[in-house]
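There are 2 protein chains.
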Amino acid sequence: MLIDIALDALGSDKAPEPEIRGAILACRALPVRVHLIGPEAELRDVLDEHLENEDLPIVIHHASERIGMEEKAAHAVRTKRDSSIRVGLRLVREGKAAGFVTAGNTGAAMATAKMVLGALPGVDRPALATPMPSSTGNPCVLLDVGANVDCKAHNLEQFAVMGEMYARTVLKINEPRVGLLSIGEEETKGNDLTREAYPLLKALPIKFIGNVEGRDIFSGLADVIVCDGFVGNVALKTSEGVGRFVRDVLRESLTRTVTAQVGALLSRRAFNDFRQRLDYREYGGAPLLGVRGVCIIGHGSSNDRAIFNGIRVAYEFAKGGTVERIEREFAGHAKRNAVRPDAGQDDKADTASIQ
Amino acid sequence: MLIDIALDALGSDKAPEPEIRGAILACRALPVRVHLIGPEAELRDVLDEHLENEDLPIVIHHASERIGMEEKAAHAVRTKRDSSIRVGLRLVREGKAAGFVTAGNTGAAMATAKMVLGALPGVDRPALATPMPSSTGNPCVLLDVGANVDCKAHNLEQFAVMGEMYARTVLKINEPRVGLLSIGEEETKGNDLTREAYPLLKALPIKFIGNVEGRDIFSGLADVIVCDGFVGNVALKTSEGVGRFVRDVLRESLTRTVTAQVGALLSRRAFNDFRQRLDYREYGGAPLLGVRGVCIIGHGSSNDRAIFNGIRVAYEFAKGGTVERIEREFAGHAKRNAVRPDAGQDDKADTASIQ
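Order-wise, the sequence lines are chains A and B.
Read in order, the letters of the first sequence correspond to residues 1054 to 1408 in my numbering.
Read in order, the letters of the second sequence correspond to residues 1054 to 1408 in my numbering.
Isolated chain A (complex conformation):
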């Protein structure tokens, strides 16, 4: 049986080309039916061009409006009621699609998902989780990376629960190691927020490894790293900045002399390999965790391979029942705490704030 995935065909910077090609790749490789969301006539033309008589489970759902990358999320969400993002997320809410994928305006996608799908019971704030490349080859999940600034300790606690479940069910990491992003290993290091969050994370039934530092996002020390959305966004964009800087400097150095140019030519395959391992696109976008449904948000510069990976991640979410498992996890916490109303001095009592 095919799993239905809704895909925003107007998301990426070069939409709809990468979306349509990514959908084709996905339908060839995975048991999915892709619902392309966008202006029907236009999409039909481009799709027909690419399909070359191949019969793939791709259907088109009409949406008349596009939310641009530079549009203010709040305004766009309010005024564009027939945007491809909104139409796609409605398919998820109505059960017609098991997940939604977009490479469009991140703010608008998050706001629309919260509005159309709503938060899971017990989740105060959904969080955007980004898989980052690491030395070990396994990605490290960083969350939140921008959905929530000015968090409370119990928000970080909830992020830990959701991030751990994502790492387990989608990234297939057995017993994910969860760290708290801070500025020193000791429990006492950090700011008010991390010092307050530390004991809450420690009390959770997860493999909490304590505080980790910025450099550990890439060291392979942790599988999941939790932080507030401001700090996470700064860390994410800083690492993008370093990555770009390194590429620029290396390119410049390698074209300065003829010898270096020959060297660069001979090591071209190595550079491609290098680039691929640094490429965030291989990980298929960031899931918005904690909403009632699967919503995967990719980078605006997504190519067909990135869109394919976004669809793959949405498919893995649906197959792994990740959302349902997060929901049960929160219900479980609520129940455990309800059964022991006087558990105030108990380790587990800290999780009460998850309700």
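Because the hints were derived from the structure by calculation, they are not lab data.
All residues carry an ideal CB built from backbone N, CA and C; glycine is no exception.
Among the hints, a few may not be true.
[As the list claims (entries may be wrong)] No more than 30 Å apart at the CA atoms, straight line, and that leaves these computed lysine-lysine pairs for DSSO-like:
(1) B:K1242 / A:K1242
(2) A:K1149 / A:K1372
(3) B:K1260 / A:K1242
(4) A:K1242 / B:K1167
(5) A:K1167 / B:K1260
(6) B:K1225 / B:K1167
(7) A:K1242 / B:K1205
(8) A:K1125 / B:K1260
(9) B:K1225 / A:K1205
(10) A:K1205 / B:K1260
(11) A:K1133 / B:K1242
(12) A:K1260 / B:K1225
(13) A:K1125 / A:K1149
(14) A:K1255 / B:K1125
(15) A:K1242 / A:K1260
(16) A:K1225 / A:K1205
(17) B:K1255 / A:K1125
(18) A:K1167 / A:K1242
(19) A:K1255 / B:K1205
[Unchecked claim] Far from chain B by the CB rule (all over 10 Å, computed), these chain A residues:
(20) D1098
(21) D1177
(22) R1230
(23) A1317
Since chain A is already given, all that's left is putting chain B on it; use the hints.
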């Protein structure tokens, strides 16, 4: 006339070798007299070995204790009263040295500097400022990177004033562009702290360019970027982590096939150039701004070149009168505001908090 610089000879991971070699490099290149701080007999032996009958203005000041990298700063500062850090900073307080340089325990150096030198009048919290490499070749000063977590808006305002003065007098940047680290360009983007700090920075007599993002640390968009110490430390360590990750992955890719190895060999000079431009050590350590004196804190992994650059930066601080200029700047703010006690509705009034 020579400028006296005190150098912690027990600071770096491989001390005292890099310190002694760095001191020799500095004395050859700059009009400085270096005061090596550490166990006299031991330093004398190592120094004699390296000097080879050369007559350089290097003197030794005895200090019997070393604060290790892993020691808790608060405890070490309290108990080790004859540490090389404390003895060196005392020379600065007594006017026997124009600056102090250490590659030792950052926390201990900051705490000791605050205690021994004290803060400048009007400065609530000294800040650690790190020059970061950028695409344009000019460094970008990031502050605070760890001295202060949980800042208030007026702390960020003071960091902006101090960072701007450092960029102007030591890095010789004319009209430095100052940005506020946030998660979006618009004034309304960010967390409570940045939204509150924005109008304060805007009201300062500096070239404030508004909010900048993590990626702009390396893009060359700003010369000075201001943030609280928690966020700055995460950004700094994240970029160190990416840098290390990139090197590891590149090395691995380049040794995988013989062709790639030959390529790497041919482009060796390009790689060295690349490495050097990424190397934080070239910038000579991070000054602690806002204390009554010059205190430069380098990385524990400093080599002789890094120590040399640390001494060079301390020399530039002393020569440029940076500390005195920061002091005058704060006194000026205080005076401007005192003259207009009712300037509450005025733009400049925001700087009152600098007092």
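Evaluation of the provided hints:
Distance hint between B:K1242 and A:K1242 is fulfilled; the C-alpha atoms sit about 27 Å from each other, no more than 30 Å. Distance hint between A:K1149 and A:K1372 is fulfilled; the C-alpha atoms sit about 15 Å from each other, no more than 30 Å. With a CA separation close to 34 Å, the supplied pair B:K1260 and A:K1242 exceeds the 30 Å bound. Among the hinted pairs, A:K1242 with B:K1167 is consistent with the structure: their alpha-carbon atoms are about 19 Å apart, no more than 30 Å.
For the proposed pair A:K1167 and B:K1260, the alpha carbon gap of about 39 Å is over 30 Å, so the pair is violated. Taking the CA atoms of B:K1225 and B:K1167, the gap is near 26 Å; set against the 30 Å cutoff, the hint holds. With a CA separation close to 19 Å, the supplied pair A:K1242 and B:K1205 stays within the 30 Å bound. Restraint check for A:K1125 and B:K1260: satisfied, since their Cα atoms lie roughly 27 Å apart, inside the 30 Å limit.
A distance of roughly 42 Å separates the Cα atoms of B:K1225 and A:K1205; the hinted pair therefore is violated under the 30 Å criterion. Straight-line distance between C-alpha atoms of A:K1205 and B:K1260 comes to about 34 Å, which puts the hinted pair past the 30 Å bound. This hinted pair checks out: A:K1133 and B:K1242 have alpha carbons roughly 22 Å apart, not beyond 30 Å. The hinted pair formed by A:K1260 and B:K1225 fails the criterion: a straight-line CA distance of about 49 Å is larger than 30 Å.
For the suggested pair A:K1125 and A:K1149, the alpha carbons sit about 29 Å apart, so the restraint of at most 30 Å is met. A distance of roughly 23 Å separates the Cα atoms of A:K1255 and B:K1125; the hinted pair therefore holds under the 30 Å criterion. For a cut-off of 30 Å, the pair hint linking A:K1242 to A:K1260 stands: about 20 Å separates their Cα positions. Note on A:K1225 and A:K1205: the hinted pairing holds, with a Cα-Cα distance of about 29 Å set against a maximum of 30 Å.
Only pairs whose Cα atoms come within 30 Å are accepted, and B:K1255 paired with A:K1125 is accepted, the gap being roughly 23 Å. The straight-line distance between the Cα atoms of A:K1167 and A:K1242 is roughly 34 Å, outside the 30 Å bound, and the hint therefore fails. For the hint pairing A:K1255 with B:K1205, the CA-to-CA distance comes to about 29 Å; that is within 30 Å, so the pair holds. Non-interface status of A:D1098 relative to chain B is upheld: no Cβ of that chain comes within 10 Å, the nearest being about 36 Å off.
Look at A:D1177: its CB is around 17 Å from the nearest CB on chain B, clear of 10 Å, so calling it non-interface holds up. Even its closest Cβ contact with chain B, about 16 Å, leaves A:R1230 beyond 10 Å, as expected for a residue assigned away from the interface. At roughly 6 Å from the closest C-beta of chain B, the C-beta of A:A1317 falls inside 10 Å, breaking its exclusion from the interface.
Checked against the numbered hints given earlier, the structure breaks hints 3, 5, 9, 10, 12, 18, 23 and satisfies all the rest.
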